[in-house]
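Engineer: From first to last, the protein sequence lines are chains S and U. FYI, in our numbering the residues of the first sequence are -10 to 323. FYI, in our numbering the residues of the second sequence are 10 to 339.
I should point out that these hints are in silico values taken from the structure, not numbers from a laboratory. The beta-carbon is built from N, C-alpha and C at its ideal position, and this holds for glycine as well. Hints are supplied without guarantee of correctness; some may be wrong.
To give an idea of the chain U side of the interface with chain S (calculated C-beta under 10 Å), a few residues [to be verified]:
hint	residue
1	Leu192
2	Ser289
3	Val291
Computed from the model, here is a short list of chain S residues facing chain U with C-beta under 7 Å [claimed, not checked]:
hint	residue
4	Phe(-4)
5	Ala(-2)
6	Val4
7	Ile7
8	Leu137
9	Val140
10	Phe166
11	Ala169
12	Gln173
13	Pro290
What follows is each chain in one-letter form.
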Amino acid sequence: MRPRQSFLAIGLIVVAAILAATFGLLIGAKTLSLETAIRVLLAPDGKIESILVWTLRLPRSLTAAAGGAGLAVSGYVLQTLTRNPLADPGITGVTSGAVAPIVGCFVYLPWLSPAYYPFIGLAGGLAAAAVTFWVSHGGQGRPLQLALGGVSVSLFLGAITTYVLLSTGPQSASLLFWLAGGFQGRTWSHLFYMLPWTIAGVAGALLLRRVIGMFMLSDHAAAGMGLQLGFWKPLILILAVIPVAGVAPVAGPVAFVGLAAPHIARLLKPRGTGWEIGLSAALGALIVTVADVLARSIAIPRELPVGIVTALLGGPVFIYLVQRGRLSLGGEAR
Amino acid sequence: MAAALAVLAVLSLSAAIFLGVADIPMGDVAAVLTGGGSAEARLIILDIRLPRIATGILAGIHFSLAGYLLQTITRNPLADPSLMGVSQGATLSVTIFLLFTVYIFEPGSNTLAELPVAWLPAAGLAGGLLAGGVIYLLAFRLGLGALRITLCGVAVGAVLHAVAIGLIAGWGSARIEIILEWLSGSLYARSWDHALFLLPFTITGLAMLPLIYRPLMLLQFDAAVARSFGLGYRRQFSLVLIVSCALAASAVGEIGPVVFIGLVVPHLARFLAGRNFMLSLVLTIVLGAVIVTLGDLVGRLLGQAEEIPIGVVTAVFGVPLLLALLRKTM
């Protein structure tokens, strides 16, 4: 696609996301009409409909969109950095690395302000990524190595998290719902917690698009073009974990978005790393917004965690990628 | 080798019987085992320690043998019920079963002891076989290589796990703590019933071994070699897969998903046995039982009053091993 077409595509995806979010404003335990929703959006009047829209549904949809964009960019950067098409914050263990220490802090250090959670998530996510990357030779061994390394890191952290949950007693119910990944009851303050991290991740990726693009070549070629690998590799990895550090404390693990969005973006064949990043972010926002609307409209009045919906949508994508042998980005499958 | 193995087995078994949070003098334990002893010591040894050891031994055999079979037929040294989605499938169906019992059987019961343990292995079996079926479809219908099957197993496992966590979070209400406890892979409060309901699955699985022994040896090689020996590749592959899934899934039903036993033990066994196929199979079975027994003992002693579930112990010890293996073998 030419740049203008890419711009148009991003615009269309954003419009689709807004439509999905608007639909999300209408649906829920109490269904609103479009008219009412627009009326209270433009002129909040303090009545029940207005509260529904302004304090429950709108911040929730915006949080979902921002979270999706962040996860997608994180996935994009991880895939490029490792030249491994299966890389994704979930598969590489980054998400569980960010989530597990937050559960630990919640249980053992309840006095700690949640404002610190993104930093803890960042540290944990980086540690998990470091282990996975060490196992898979910087992510550039076979795709299997990366996937199994990440899964075993996740299993390890999952076992410990379950144990921690066990020792918490009554709190475990709310922690579990958070662990399933979702946006129920997320408010403006959640959004403002997350936003700086998402913006930093997306903007950072766009600013560093040339460096990220160079990683698509081999390490050798990148070094030949004058890239200081020892400096840029860790830095780009940190950049990839930053949006996850924002999303994890707010929404818990939301699976497979970081995997699917960049792949769909690349299918559209935009010209240049920057457009790929932009398209990934827009698609991530769209996917999570739609998943969130689905999650709360499938089983009214109950809610499914968004993590389930994205896993059910993303799992088949993963299998499709494996099946189609779309593994050529980094080392052949066999 | 056989003598060393027997000594190891006896040592770990007696350690598991003699050691525990409740300090019972050795003499008293011996007295209980010979039919005497105080009522309290009898209760602790006969009704608490021995049944959980027995359940652990059976489950250990299940997990390690399942891993061995999976590794052999997928020709992937990293196959394991918990990495291929079989454990997650069993976890999901047991979760559904536990949630349903709240509404159907006995809405009031909220302790582990009151759960319908007899049905747990069967409940696990359904989900484990389902996950195995998906692997089978992916393996044959799509004609994927060993590596891609593993990757698909990873994806199937992730999806099933997400659904299970979501169900617990959304509908768990009264049962959350019970399910969590079971989910961490624990032998806590396992009674003779647990061992008893697991036993038929163990016996069936072991009885199948002579039947699948020769095909298994051939399945180590690729399909063409196996066929040239006159093996019905598909039929034998699915048979071994079913046995493997059934073993892993039924054990998940009774003690929860204990990760990495199925991965680590076969490697240990093959390392010790060298090229002797029969010996590696036997070692896998014995070491599976021994390692789960020891792991549970470690969790009991380390955690004291609040014991550490066996699933956590195996994850803590198993992961570094797996990571080292991953980095080295590929």
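Engineer: Against this structure, judge whether each hint is valid.
Structural biologist: Hints versus structure:
{"no.": "1", "hint": "Leu192", "in the structure": "holds, 5 Å"}
{"no.": "2", "hint": "Ser289", "in the structure": "violated, 22 Å"}
{"no.": "3", "hint": "Val291", "in the structure": "violated, 27 Å"}
{"no.": "4", "hint": "Phe(-4)", "in the structure": "violated, 33 Å"}
{"no.": "5", "hint": "Ala(-2)", "in the structure": "violated, 28 Å"}
{"no.": "6", "hint": "Val4", "in the structure": "violated, 29 Å"}
{"no.": "7", "hint": "Ile7", "in the structure": "violated, 27 Å"}
{"no.": "8", "hint": "Leu137", "in the structure": "holds, 6 Å"}
{"no.": "9", "hint": "Val140", "in the structure": "holds, 5 Å"}
{"no.": "10", "hint": "Phe166", "in the structure": "holds, 4 Å"}
{"no.": "11", "hint": "Ala169", "in the structure": "holds, 4 Å"}
{"no.": "12", "hint": "Gln173", "in the structure": "violated, 10 Å"}
{"no.": "13", "hint": "Pro290", "in the structure": "violated, 12 Å"}
The structure is inconsistent with the numbered hints 2, 3, 4, 5, 6, 7, 12, 13, although it conforms to all the rest.
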